[in-house]
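Keeping their order, the protein sequence lines are chains A and B.
Per the numbering used here, the first sequence starts with residue 1, numbered consecutively.
Per the numbering used here, the second sequence starts with residue 1, numbered consecutively.
Honestly, the hints are just simulated from the structure, not real lab data.
There may be inaccurate statements among the hints.
Some chain B residues flagged as far from chain A (calculated, every beta-carbon gap over 10 Å) [claimed, not checked]: (1) 42; (2) 45; (3) 46; (4) 47.
One side of the interface only, derived from the structure: several residues of chain A facing chain B at Cβ under 8 Å [as the list claims (entries may be wrong)]: (5) 3; (6) 6; (7) 62; (8) 84; (9) 85; (10) 124; (11) 168; (12) 169; (13) 199; (14) 251; (15) 319.
Values in this document were obtained by computation on a predicted structure and should not be read as measured data.
For every residue, glycine included, the Cβ atom is placed at its ideal position computed from N, Cα and C.
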Amino acid sequence: MECFNCGALLTGKDFCEKCGVDVKIYKKIIKTSNTFYNEGLERASVRDLSGAVNSLKKSLELNKLNIDARNLLGLVYFEMGETVSALSEWVISKNCRSGNNEAGHYLSEVQSNASMLDTINQTIKKYNQALQYCKQDSRDLAAIQLKKVLSLNPKMVKGHQLLALLYIQEGKYDQAKKSLANAAKIDKNNTITLRYMREVEKQLKEQNPKKKKNDDLISYQSGNDTIIMPANFKDNTAGQTIINIIIGIALGVAIMVFLMLPNINQKAKSDANEALKAANDTISTKEQSIASLENKVEDLTKELETIKGDSKEAEAKLSSYENLLGAYSAFSSEDIDGAGDSLAKVKEEDLSGAAKGIYSDISGKVNEKYLATMYQEGYSAYTKGSWQEAIDKLSKVVEIEEDYQNGNAVYYLAQSYRRTEELEKAFAYYQIVVNTHPGTERARVAQSFINSNPNLVKPQDGGDAGENGENQEGQDNGQTPENPGENR
Amino acid sequence: MLNFEEELKKFQPSLEVEEAEESIYNHGLTDMTDILVEMMKERNSSSH
Numbered sequence: 001m002e003c004f005n006c007g008a009l010l011t012g013k014d015f016c017e018k019c020g021v022d023v024k025i026y027k028k029i030i031k032t033s034n035t036f037y038n039e040g041l042e043r044a045s046v047r048d049l050s051g052a053v054n055s056l057k058k059s060l061e062l063n064k065l066n067i068d069a070r071n072l073l074g075l076v077y078f079e080m081g082e083t084v085s086a087l088s089e090w091v092i093s094k095n096c097r098s099g100n101n102e103a104g105h106y107l108s109e110v111q112s113n114a115s116m117l118d119t120i121n122q123t124i125k126k127y128n129q130a131l132q133y134c135k136q137d138s139r140d141l142a143a144i145q146l147k148k149v150l151s152l153n154p155k156m157v158k159g160h161q162l163l164a165l166l167y168i169q170e171g172k173y174d175q176a177k178k179s180l181a182n183a184a185k186i187d188k189n190n191t192i193t194l195r196y197m198r199e200v201e202k203q204l205k206e207q208n209p210k211k212k213k214n215d216d217l218i219s220y221q222s223g224n225d226t227i228i229m230p231a232n233f234k235d236n237t238a239g240q241t242i243i244n245i246i247i248g249i250a251l252g253v254a255i256m257v258f259l260m261l262p263n264i265n266q267k268a269k270s271d272a273n274e275a276l277k278a279a280n281d282t283i284s285t286k287e288q289s290i291a292s293l294e295n296k297v298e299d300l301t302k303e304l305e306t307i308k309g310d311s312k313e314a315e316a317k318l319s320s321y322e323n324l325l326g327a328y329s330a331f332s333s334e335d336i337d338g339a340g341d342s343l344a345k346v347k348e349e350d351l352s353g354a355a356k357g358i359y360s361d362i363s364g365k366v367n368e369k370y371l372a373t374m375y376q377e378g379y380s381a382y383t384k385g386s387w388q389e390a391i392d393k394l395s396k397v398v399e400i401e402e403d404y405q406n407g408n409a410v411y412y413l414a415q416s417y418r419r420t421e422e423l424e425k426a427f428a429y430y431q432i433v434v435n436t437h438p439g440t441e442r443a444r445v446a447q448s449f450i451n452s453n454p455n456l457v458k459p460q461d462g463g464d465a466g467e468n469g470e471n472q473e474g475q476d477n478g479q480t481p482e483n484p485g486e487n488r
Numbered sequence: 001m002l003n004f005e006e007e008l009k010k011f012q013p014s015l016e017v018e019e020a021e022e023s024i025y026n027h028g029l030t031d032m033t034d035i036l037v038e039m040m041k042e043r044n045s046s047s048h
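Next comes chain B alone, as it looks inside the complex (with noise of 0.2 Å):
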């Protein structure tokens, strides 16, 4: 049997149009990539 709270729970607000904004500035945009590129620089700092 399905628990009606915990079922709720799950179900978030949906954007409206005026959070449109905000909900791209904090959109997470860091990729593998960045993160390569991040551990690369690391490597290289580390070996000087």
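The shape of chain A in the complex, shown without the other chains (with noise of 0.2 Å):
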């Protein structure tokens, strides 16, 4: 403690020991304005924030430079949503001691959080707002005004004060009873507050007169709350737990089985009808593909088909105007033999209108010498008793003129095939000696052969049956009815 005419240290003398000035009452008042410094303390560490702001209001006046009592009025200022006046108190506080002093720190961290001071700031605007709409009796809108207010900053004992106040007026007991309990947290002996409280209850109380004590209900008090519940309300135990629980899961199970899963099932059904669907799309335009595609096939085989029948026939022509070219080129060379065998092999349909003039000459030309060669080779072939040479030739020779020599050629080979006892073949070259040449010698001879065979017998318009084949053979011994030489 310092003297307050000169600043020296007091000792526990009633004077100061160096300017001796009587400071036995200064001393009271240091001592007073501790004391009510404490009653602040202890009042503000259960709550009861008025009467702490009253005892330190007391201690300041008693000692303004007493600094904690300062900073503590700073502190529960602040905790009751009265800002400035809470920084108010740290800056005369900090202007009466500036070292080694917390209102500094408190200071710095209010002016370090813009937004903090910004939100502090529009709280205090809206209240103000909210008390001015009071006082114009716009009560509703003051009513959400403070709402605002208290969401922003819900220390604010004014603010549930004033919303507990207009709750009052609408006849909002309820309403105004939670108001004050919440202002209540704040500040447990507010004056205001208990004012407000002790109406409302009184209020509640006549609209809600006592009702019969129910005795299956216990009340009780808890703080500022009444805790009314059943009297035979037990606790659910871990059996009743367990038991709660299988109940949920049974009830979760059952709406998952009525109500989800024919959802469920319906929808995979129609996405598998969905699915089949576009697989019969998807099967039915594979169809008509392969469908087209076979018939692409068809056609090319048909195409293939007419290629190789040309083609076949473009050889056959080929061959026939090969076979021609042969035939001029051993007529040319005189090999009359080779000519014919080469004019033999050509199909004149196979010709163009030239190359069957050409082939009709060449041919014409060729089968004189070529039956007249042939002829006489089979003849000579016949006399020789070579009856398949014979045969060779002369076949030849029929092929191409039957009735080549007036019906000798065709009569030797009869004659010849009947040698080599192809008589099948002997009789059909007999007939037709009978059938061209009738009542000549060699269709007498003829029909001999065939009266003598009649096994090999056909059905013949008006054959006649003639003399026997014994007779004939010994004519044909040696010799010939027409001489081949003769006839050429």
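Got two chains here, separate frames each, mind docking them using the hints?
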């Protein structure tokens, strides 16, 4: 403690040892100030903020330099939502003692958070606006504004109190009670809060006269709250909890089965149907494609066959032309046999108009010589008894000109076949002789052969039997019906 | 029964941040010690 006159440290004596001033009263003032500070601190610690404010103010009225008291007053103001008052106390405190002062820390905390400071200012402005609304009898607007204020700053005791006052005025005592309870949580012994609460409870009692106490209910007070509960209420035991869980699971499963599964099944079915439709569409498209491709294959096969046919035809034509050329070449070199062989292989229908002319020209010339040669050789072989050679030669002659040498070629061919025991062929050629040269010696011989082989006879129109072939045997031996050389 | 109007008069507007400076200047800082010092000065001057 310092002397108020000279600033020297005071001792236990009632006067200053330096300047001699009487400090007895001063000491009492300082002690009283400290006592009030202690009282304020105790009140603040039990959330009697209004009482704390009163004690701390008294402390400061006695000693304005009681820094702890001033700092605590600022803190209490801050807790009650009176931020500007708190800031004022801390600023003054800081000015009274600049060093070793918590107020500096508090101020820097607030000033460093610009958004918080802005929010505080907005809250204060809204509160003032709400108060203005109240004075203008716009209680609805005021209530709305106050709710905003309290959402921003729930510790603003004045806000809760004013809102409660508005509710009381509106007759909403339950809500007023809640607001007052909120105010009481911050500042327990605020006289305004307590007075309003008493009024609210009084009004609530008037509105809800006491009911008969229900024996089944138990009520008790927990702080400011009245708890009412059934007398036979029991906390759930572990077994009950498990049973409840099982029932809950069963209900969940039942809901799943009866409500959700049908939908899931329906969706699955519709999905499957859609997939089936899509698959069917795909299959029909593929089938169409396959049919189209099959048609194409068929067309191409036909085309290929046509081309092959054309190719064969072309090959045949080519062969005919080659044979025609070979015949011409052989004819030019006077190889009549070769020319004849080649001409025999030529198909006239394969030749064009000009080629046909050449063919007929060559064949005419070749055939004449060829037939003569073949006939001569065939006959010569026949006379020598070379039946097979005779058949080969004479067959070629008959093939080209059946009636060559007035039927001698076919006659000797038949004879040759008869010699080689090829009777069916012999019979056929004998029949030609009979048919084409009736009345001749050869026809008679032929007829006699036919008659001597009745098993080979075929029905004939007007065929007469004649003599048997045995007589002809003798005639054939060494005798010819006609001289082939003469016919040439 | 509470008188709303009378109760409303007890609610004063909160100081806004802009008003803090003025509030500090107007803050009554005279304490009992100041009064004591003043009284002692008056007594000393009257005794002389």
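So, against the hints stated earlier in the document, which numbers end up violated here? When the structure is compared with the hints, numbers 5, 6, 14, 15 turn out to be violated.
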